[in-house]
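J.: One letter stands for each residue in the lines below.
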Amino acid sequence: MRRYFRLFFYFFRFSLMERLEYRLDFFLNIARSIGWIFVAIIGFTVIFQNTPVLAGWNKYQALTLYGVFLCINELWYMLFFLNLTRVPYNIQSGQFDYILLLPISTQFLVSLRQVLVFTFPNAVLSLFVIGHYSSLAVEHIPISTYIMTAFLVLNGLIILYSIMFIAVTTSFWIIRLKAFWEFYGLITEGARYPVDIFKDPLHFIFVFIIPLALIFTFPAQLLVRGLSPFLVLTSFIVGIGIFVLAHKFFYFGIRHYNSASS
Amino acid sequence: MAYRLNFWLWRVRMVMQLLVTYFLWWAIFSNRKELFGYSQSMILTYVLLSSVVRTVVLGTTTMEIGGLINQGNLSNYLIRPVNFIRYYVARDTADKALNFIHSIVEVAILFFILRPPIFIQTSLPIIGLAIVVALLGAILYFYFSLILGFLGFWTPDIWGPRFLSFVVMEFFAGGLFPLDILPKPLFLVSQSLPFFYFIYFPLKVYLGQLSGSVIAQGLIVELFWVFGLWFIARVVWQKGLRVYTAEGK
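These protein sequences, in sequence, are chains A and B. Residues in the first sequence are numbered from 119 upward in steps of one, following the working numbering. Residues in the second sequence are numbered from 11 upward in steps of one, following the working numbering.
These are computed hints drawn from the structure, not numbers from a lab. None of the hints are false.
Here are the simulated distance ranges between beta carbons:
(1) B:Arg42 x A:Leu142: 40 to 50 Å
(2) B:Pro91 x A:Lys317: 47 to 57 Å
(3) A:Lys317 x B:Asp190: 22 to 32 Å
(4) B:Pro127 x A:Leu125: 51 to 61 Å
(5) A:Asp318 x B:Val99: 37 to 47 Å
(6) A:Tyr369 x B:Leu198: 52 to 62 Å
(7) B:Phe94 x A:Ile259: 52 to 62 Å
(8) B:Pro195 x A:Leu142: 22 to 32 Å
(9) A:Phe246 x B:Tyr254: 41 to 51 Å
(10) A:Phe132 x B:Asp190: 41 to 51 Å
Calculated from the model, a selection of chain B residues having no Cβ within reach of chain A, i.e. all distances over 10 Å:
(11) Gly69
(12) Phe94
(13) Leu134
(14) Gly162
(15) Leu217
(16) Val224
(17) Phe237
(18) Phe241
(19) Arg252
Derived DSS-like pairs: lysine-lysine, alpha-carbon spacing no greater than 27 Å straight-line:
(20) A:Lys317 x A:Lys177
(21) B:Lys194 x A:Lys177
(22) A:Lys177 x B:Lys43
(23) B:Lys43 x A:Lys317
(24) B:Lys194 x B:Lys43
Built from N, CA and C at the ideal position, the CB exists for glycine as well.
Just chain A, with the same shape it has in the complex (with noise of 0.2 Å):
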């Protein structure tokens, strides 16, 4: 385990000295995460200007939630976008044959090769907007809820990673599976707002199907509204199951791999 912690380590330190060739784009990437937490919160008090509660949830309480998602999506981009985004490519040019041959785990080297280091300070901004509004939804929070809240959103985080690799491990099947943020677009466009807002088939798709009710909601409805036991159960489960699905799925994916040019 500690050469993995190792590992990540000096993957962190070669994307930061990478990334650094761009300042510009560095510092601009965090006036855009500046910019997009301005217009949410613009978009949130105009929404909430003449209706005090939507579906339940008031205007301190959805941008707590507006925060998770800030959180959980720049976690995301920062660990596995760029990561995952290359799978579909290493397995059509046949450079997958490299990383098969490194005295590593597989699924570790793919997921967590390159960081996105600058969308670091975005995930502590995020931090920032969680704390502020939760604590102007909620007049007294425990540390107990904070921890409880930070499990919470690490295992959103597990889950929406999981989904995303078993989506990148069809490609082991289906050749040019290039627009895989789009497929992250589609499965993250409602997860800013609490899924009781919406209504049938929505509503139904982003709980049962997508479940951006337990990746994004849940952190934040324990956070400023309280949740019950049986859901932050539940919740893990889901986590731990999906993970080791997406685990078992990719290593079948990889007794399907015919090195494609070598």
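With chain A fixed as given, assemble chain B onto it according to the hints.
T.: Relative to the frame of chain A, chain B by itself:
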């Protein structure tokens, strides 16, 4: 159409985006007849049509230009007997036409499934005017995106400025909601930006909520922006070619 799965994923995403905005406004309008000076039918019409206008105005292939310049692949285009900008005009036109057909079909399907109360404009001159201002908006965005791509002549950091522009544009183009529901100072800022003419202005014209003089004034300012950005794009292109070294080739 070589990447069919990717194309359909993109279109399904667009439908999802539309559904999310639609249901959000539906929830906001539950138990209300009017809000922000808009009836429910007006706002739902705005939301549905904004997805059509968005694909026509904001759909572009020019985003790849910065990368072409950075990787030296622009040379492949410069040696062809075709004007580079006109080549992208043709590509964008074809792309927009395809997007338009898809988005019309998608909105029509959603209309028949959801049966929303929508506003149908019956005045042909107003519909014509709305189409003209939307087309001018598409030209305006084309030059705007072109200029962002040409930044690649001077810097490898091409995505930062573009992503930042997405934020400003998403907000001030009126794709999320009509701009006149914003606080007055923000609305005044939006009026002074070219993004105002991308989605909000054509839809306001279509909804018949603007007087003749306001439309005329808006049209003049929009034309001013089109010529302004056209001129800047030409100057930047010519200056950029002088510093282009086909780096990477």
